[in-house]
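Quick mapping for you: the protein sequence lines, in order, are chains D and R. Residue 312 in UniProt numbering sits at position 312 of the first sequence; the count goes up by one each step and never skips. Residue 672 in UniProt numbering sits at position 672 of the second sequence; the count goes up by one each step and never skips.
Among the hints, a few may not be true.
For chains that are exact copies, the list does not tell them apart, and a pair is met inside one copy or across any two.
[Unchecked claim] Below, a list of computed lysine-lysine pairs in the BS3-like style, where the Cα atoms sit at most 27 Å apart:
id: 1; residue 1: Lys676; residue 2: Lys502
id: 2; residue 1: Lys573; residue 2: Lys138
id: 3; residue 1: Lys657; residue 2: Lys199
id: 4; residue 1: Lys676; residue 2: Lys609
id: 5; residue 1: Lys357; residue 2: Lys68
id: 6; residue 1: Lys68; residue 2: Lys430
id: 7; residue 1: Lys138; residue 2: Lys657
id: 8; residue 1: Lys622; residue 2: Lys502
id: 9; residue 1: Lys199; residue 2: Lys622
id: 10; residue 1: Lys645; residue 2: Lys199
id: 11; residue 1: Lys213; residue 2: Lys317
id: 12; residue 1: Lys607; residue 2: Lys250
id: 13; residue 1: Lys622; residue 2: Lys676
id: 14; residue 1: Lys307; residue 2: Lys657
id: 15; residue 1: Lys645; residue 2: Lys68
id: 16; residue 1: Lys441; residue 2: Lys393
id: 17; residue 1: Lys675; residue 2: Lys369
id: 18; residue 1: Lys622; residue 2: Lys493
id: 19; residue 1: Lys493; residue 2: Lys199
id: 20; residue 1: Lys357; residue 2: Lys393
The hints are simulated quantities; they were obtained by calculation from the structure and are not laboratory data.
Listed below, chain by chain, are the residues.
There are 2 protein chains.
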Amino acid sequence: MDAHQPAEPGVPIWYVGHHLPTPKNAINGHTLRTEVATGYDMITTHITNVNFRTRVEQSISSARAENKIHFHIESLDAAEVNLHPGDHISQVIAFTSSWIDLDSDDSLVAHVSRQVLIHELEYAAFCGASNVVIAGPKRRTNVAQYAQVISAALTTGAYMQLLIHLPMAEEEGSVANAGETYDEFAVWDVWNTIRTVCKYNSRVSLTLQIPAKLPSAHLVNRWFAEPVRVLFIPSFTFCPNAKGYPVFSKLHQALLTRYMKLRPTPYVLVSDTHLTPPPPAPAGSGSPQKLRYEPLGYLVYLRHLQKNQPPPTTVEKFGAGYQDYLQAPLQPLADNLESITYEVFEKDPVKYDQYEKAIKLALDARDTKDNIIVAVTGAGRGPLVSRALRAAKASGRSINLFAVEKNPNAYVHLLRHNRDTWNGQVVVIKSDMRSWNPPFKVDIIISELLGSFGDNELSPECLDGVQRVLNPNGGISIPASYSAHYTPIMAPKIYADISSRKNDPDAPETPYVVMLQAIEILAENEYIHRAWDFHHPLPENTMSDAAALGGGLIGLGDGGNDHNMRNSRATFKVPRRGVVHGLAGYFESVLFGDIELSTRPDTIDAKSKDMISWFPIFFPLKTPIHLPDNSEVEVTIWRETSERKVWYEWSVQAFIKGGGGQRCRLGIADLHSSKKNGCLM
Amino acid sequence: MDAHQPAEPGVPIWYVGHHLPTPKNAINGHTLRTEVATGYDMITTHITNVNFRTRVEQSISSARAENKIHFHIESLDAAEVNLHPGDHISQVIAFTSSWIDLDSDDSLVAHVSRQVLIHELEYAAFCGASNVVIAGPKRRTNVAQYAQVISAALTTGAYMQLLIHLPMAEEEGSVANAGETYDEFAVWDVWNTIRTVCKYNSRVSLTLQIPAKLPSAHLVNRWFAEPVRVLFIPSFTFCPNAKGYPVFSKLHQALLTRYMKLRPTPYVLVSDTHLTPPPPAPAGSGSPQKLRYEPLGYLVYLRHLQKNQPPPTTVEKFGAGYQDYLQAPLQPLADNLESITYEVFEKDPVKYDQYEKAIKLALDARDTKDNIIVAVTGAGRGPLVSRALRAAKASGRSINLFAVEKNPNAYVHLLRHNRDTWNGQVVVIKSDMRSWNPPFKVDIIISELLGSFGDNELSPECLDGVQRVLNPNGGISIPASYSAHYTPIMAPKIYADISSRKNDPDAPETPYVVMLQAIEILAENEYIHRAWDFHHPLPENTMSDAAALGGGLIGLGDGGNDHNMRNSRATFKVPRRGVVHGLAGYFESVLFGDIELSTRPDTIDAKSKDMISWFPIFFPLKTPIHLPDNSEVEVTIWRETSERKVWYEWSVQAFIKGGGGQRCRLGIADLHSSKKNGCLM
């Protein structure tokens, strides 16, 4: 789609379309050019016009007169369509007829509606439309019927997005079905049913209509986890500013800003621009004297908002393109990393500052007379070596610095670095830290082996392996400790991605590194559970027991790594219905003293704000578990080890409290295990 | 396993084993021969003895003294095992140590228990044991932890059955966990969690312990749906008869009879035969004077029961070997059936009698002066032709009889039959009934096109196709109508079978014909819903509309078969927790007048008792849905048609009533569709 976009650099790209009032005549390139000239990027059209509707309605009447329960609707006639193929199609969003009723209780109406929809979709696909909007179901009760039609419709037009048009919530007092009470999450429930019945097909997404009065923050938040491809904004969503021009409330502005940061970014459709706006609110402070609404006023305001978007944050800049993108975790021991991978990690503005502070604190704690032996184990391209030198200078301590690196390519880089930058102050050693055997003990071992879940890249095993060389009298490991954290999340987009990987049976049993965007933390108060901790150095007897079984060496003996097994069980209260698609995992680490790192969304700002080196980890579920309001999710997770591998297993169950207070089980997930894709030692 | 079995013909085969008191010495061929000499078929043994237990317990004590949380148990020593390889192994059921505690809250105990279990299983596998019993979890709360160990244990001994030993229900008043209330289904819940976590692995099954006091019929029934491989019967399950000998209560007898009819038939293990029985019940009517219990008395009684089993019923005889065996439905239009297939169907003792009665009734209703034209359409090998001739003779009517058959091989058979048996009374026509074009109209069309779901083998489409030749004035179709029926069921065994078909992505979207055995109808009062009906002949205007679109002919035009689309929605109340694995489908048919057929378990005896031609149909769910007590299951099912195919789609959702009376959704199944495997026209 060619965007009509402002030329100023740095202004984000927003695609704004004009939802045209249903025209009498077919749209064409001229229609589009007229709208683009006024500043829109695209237009909409209904696929068919009133001629088609008239024919269908007449057919229904005569069928009723003849007591028929089935009849066949002939396909479309030239006089019945508003859409034709042409270059303009890429900037057109097509709408199917909203007067049909796919979920009707009347089987004749449902039968006819289905035929109308299929005719329209097939014709739109023929014309080359890539986005087609379909009005959502008209009632809560027949959603399976509606979804079955959408599922059947997916066989038409293999590249066409079907955009189900739904409001954020039912309007209070206007519940479609008599006898139903108002339920804020009912529309979400409808959507959840449709996409579940349609197997999370990536071609079924949402046209979400923004109301003038926004629902609760919980519900607004929920929709951010869903695949919203179009934001549908009727003119009555705007309110007049002091001068009478249409603007957004602060809440609506924040909503739009948040949506426009999503990738892919939804399109914005403005509708009803030609309708007379509702009368202004009763006179009061700030209420405008006179409404200055005109058809183009809404677009002008949206372009104004677009220009005034805040600049992206560090994390946004760094994460651009990675949102909800699944990456397999690194295998740093089995593979040798490439330079670019190191470079990406070295860009972190926070992590290395924290390390430098921690190293200085550790040096400060030493007696000034000591000559301190420091080793960076797994030095990579040397960022921690540079920081160690700076910390030593700042603390005024004399150090002997060793850089130990197993990657022969990074080793070359370290040698050059030592010659050109570090003035030969460093001894560079080519060795796996687990087999390094210096003729002295090291006072401070510095490493950066943490993965997104803390221990998932074998930091415990590597640091066990190098503990032999640590001074048993007060030797320090930086990091001193780290912990793993998890919480169940709703993540429909990620689930859809994983479940589409049909040729990879291990896909749902792999933990992924992923910048979580379209997700929701389901637990009350977004509670995240601390699973387990690792501390370094280990107590002497743990090390000697492990060593007796071959622990602490490459190729551990049977049971030699048992002390690095962990397991954790936690129960999460879930106040609002939802679906659990997996677990989000984070870590925290104490580097030294009070210098910490965190990727937990609730502690990162306090501990290591703007740190970008780690995205969270995601443990998927093969089959989502549906949760009603006030349910509980029980998670058990294991860190398992064998002689050659480390892997995770996880199990999720859902419960509600029954009438008698007893727990009723609602769902059980298989045991998931990443053993096949475990991290190799 | 070689059975020690009575030589009398007709006596069913029961395998009865002796659960030996834990011996001091290893068992061997001699031990087995001694027990077989007394009448047992097999024996049991614990894999390890007290020496191993002593070693492990000492290790735990010293680990506690050293504050260790992990340590490694060395593998087994010769003096620690009771089992050795040998010819006798095929008649030995091995028991793992029951003093371990896999689900312990104490992580040291859990860690050690797991190692003990794995050592024992690996050794049992080495010895060639094919059935190993593992004591169930000790508490309700840590079942995921227990199940994770079982899941890991499945990697040992690829052919070994792991038989989880569980009682039918917790004993009232002895709930393992303080704070938990008595819950009759709690043990089933534990089992359901274990097998779900273990992905319904077919190697995880049950050793079910039979209590002296049986639980409710609902719970007893539930266990019949589960894979019970061993019935574990302690001596205290028996009660004394009037003479003081150990016998079963009537309820226990019925339970055993029912279990021993299952295929595969569970083994029976009698335990505690050497213990002194409890004192007899207080004196009263029928209470024995003196207990005459001795170790062999239990076996003698079981062999007595075995000899006195009722003979198998017609249905049992016919169904032997078909229990829970999944068959793809017939494709009678696309494929030509083989003679043996016809022969199997012709053996039905009831179906053809019903047809004969219906034909006679239809002929009786005609004027005696008429010469009646009768056609058997789809005559196969001719069973209905013979019945039509007999009915004509009985009613004293004169008929012209046509046998129409498209299968060229069956046609040859019909010609021979006409020459040798029917005295040339029949005109045999080689034609698809849908293209048969006689120069006259037929008064009675007789067909046997019904499938397990009634319309699933294209009876509606075939009879539409032949309606052209039916006399428009009072022409009769036998059957006159038929209806499809369904109800959600728990069917773990069938689910396990389908989900193991990893190479067939359509496996969970195929309706199967299956003799349902290990299942439970979940709905209150075993309610079965009538989905839809088909009546023949069709009204004239329906036929003409369809014909205008090419309906009623081979290769229907677009929409020409729309009048044979159907859909049905029903809500089922489920009083007791369970798991829905799919839908059981049945049919009923009115042949003519009051002559009916039924496969519904609740109406078959009234309408067509002992009819064996049809097993039920099963519509699977890809993912089971867990149901708590007092939930609801909503099913929508569609019969869909295109120009070339007929198929079904089905969707299942589960709900509970929330506190405010509103429905909360608990689970949604994908839309399932058999379109790819639809029935071809």
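Now for the hints, and whether the structure bears them out:
no. : hint            : result
1   : Lys676 / Lys502 : both (17 Å within a copy, 18 Å between copies)
2   : Lys573 / Lys138 : between (33 Å within a copy, 26 Å between copies)
3   : Lys657 / Lys199 : between (29 Å within a copy, 26 Å between copies)
4   : Lys676 / Lys609 : neither (35 Å within a copy, 54 Å between copies)
5   : Lys357 / Lys68  : neither (82 Å within a copy, 35 Å between copies)
6   : Lys68 / Lys430  : neither (85 Å within a copy, 36 Å between copies)
7   : Lys138 / Lys657 : between (33 Å within a copy, 23 Å between copies)
8   : Lys622 / Lys502 : both (12 Å within a copy, 14 Å between copies)
9   : Lys199 / Lys622 : both (13 Å within a copy, 11 Å between copies)
10  : Lys645 / Lys199 : between (34 Å within a copy, 23 Å between copies)
11  : Lys213 / Lys317 : neither (32 Å within a copy, 69 Å between copies)
12  : Lys607 / Lys250 : neither (30 Å within a copy, 71 Å between copies)
13  : Lys622 / Lys676 : both (16 Å within a copy, 24 Å between copies)
14  : Lys307 / Lys657 : neither (51 Å within a copy, 49 Å between copies)
15  : Lys645 / Lys68  : between (68 Å within a copy, 23 Å between copies)
16  : Lys441 / Lys393 : within (22 Å within a copy, 109 Å between copies)
17  : Lys675 / Lys369 : neither (49 Å within a copy, 82 Å between copies)
18  : Lys622 / Lys493 : both (14 Å within a copy, 21 Å between copies)
19  : Lys493 / Lys199 : both (12 Å within a copy, 25 Å between copies)
20  : Lys357 / Lys393 : within (12 Å within a copy, 107 Å between copies)
The structure does not agree with the numbered hints 4, 5, 6, 11, 12, 14, 17 stated previously, though it agrees with the rest.
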